[in-house]
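First to last, the protein sequences are chains A and B.
If you use this note's numbering, the first sequence corresponds to residues 1 to 113, in order.
If you use this note's numbering, the second sequence corresponds to residues 114 to 223, in order.
Simulated from the structure, these hints should not be mistaken for lab results.
Be aware that one or more of the hints could be misleading.
[Stated by the list, open to error] Only some residues are given here: those of chain B computed to face chain A with a beta carbon under 8 Å:
hint, residue
1, C125
2, H162
3, S212
Glycine is no exception: its CB is placed at the ideal position from the N, C-alpha and C atoms.
The lines below spell out each chain.
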Amino acid sequence: DTAVSQTPKYLVTQMGNDKSIKCEQNLGHDTMYWYKQDSKKFLKIMFSYNNKELIINETVPNRFSPKSPDKAHLNLHINSLELGDSAVYFCASSQTPQTVEAFFGQGTRLTVV
Amino acid sequence: DAKTTQPPSMDCAEGRAANLPCNHSTISGNEYVYWYRQIHSQGPQYIIHGLKNNETNEMASLIITEDRKSSTLILPHATLRDTAVYYCIVLKSADYKLSFGAGTTVTVRA
Numbered sequence: 001d002t003a004v005s006q007t008p009k010y011l012v013t014q015m016g017n018d019k020s021i022k023c024e025q026n027l028g029h030d031t032m033y034w035y036k037q038d039s040k041k042f043l044k045i046m047f048s049y050n051n052k053e054l055i056i057n058e059t060v061p062n063r064f065s066p067k068s069p070d071k072a073h074l075n076l077h078i079n080s081l082e083l084g085d086s087a088v089y090f091c092a093s094s095q096t097p098q099t100v101e102a103f104f105g106q107g108t109r110l111t112v113v
Numbered sequence: 114d115a116k117t118t119q120p121p122s123m124d125c126a127e128g129r130a131a132n133l134p135c136n137h138s139t140i141s142g143n144e145y146v147y148w149y150r151q152i153h154s155q156g157p158q159y160i161i162h163g164l165k166n167n168e169t170n171e172m173a174s175l176i177i178t179e180d181r182k183s184s185t186l187i188l189p190h191a192t193l194r195d196t197a198v199y200y201c202i203v204l205k206s207a208d209y210k211l212s213f214g215a216g217t218t219v220t221v222r223a
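Extracted from the complex, chain A is given alone in its bound form (with noise of 0.2 Å):
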């Protein structure tokens, strides 16, 4: 069983469509994340929900709205895509915010063309 999935593992959209990037976590940790990793593999957060609640939203373009309906999902929906949203979007689980081990899953790439 894949502890933290995420669907699709490949995207390739036009400019200014809307799409949207599933994941799941069977662990049943409390906190989930997004993460963004750029095509020099910086990685940075993005989101980070505890409880459905959102608890870390790092200055991110408003184009992007996670939504969490439990807390074993998070979702990540893009509207007006842009091709510098081309990246490897990673969804990633941790028992608490404060927990030092997070599991990531196998990320998304997207591509903007």
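Assemble the complex: chain A is given as a structure, and chain B must be docked to it using the hints.
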């Protein structure tokens, strides 16, 4: 958060120990040293963390100098599957916002 400096790359022979250095000279007293790695086309994987004392788990050992300005991650018996980019991160435990820089690309050779 304190910045870290790692060598861009290193090679290691299979079966030998791999020693990965990290400098964090501006680390403050309440900041931990974390290590993650990222195997090609996979998500990052937690390895180990420490504050002051040396730590060991089933994956690796972490040696932190007494002044805490540098640390070394030790993979005791490197295998080909340990080929990955290794990231040394320093941050407060209450401010758990991971961010990765360039890391060290470790290539384990047969």
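Hint by hint, here is what the structure shows:
no. : hint : in the structure
1   : C125 : violated (20 Å)
2   : H162 : holds (5 Å)
3   : S212 : holds (5 Å)
Comparing the model with each earlier hint shows a violation of hint 1 alone; every other hint is respected.
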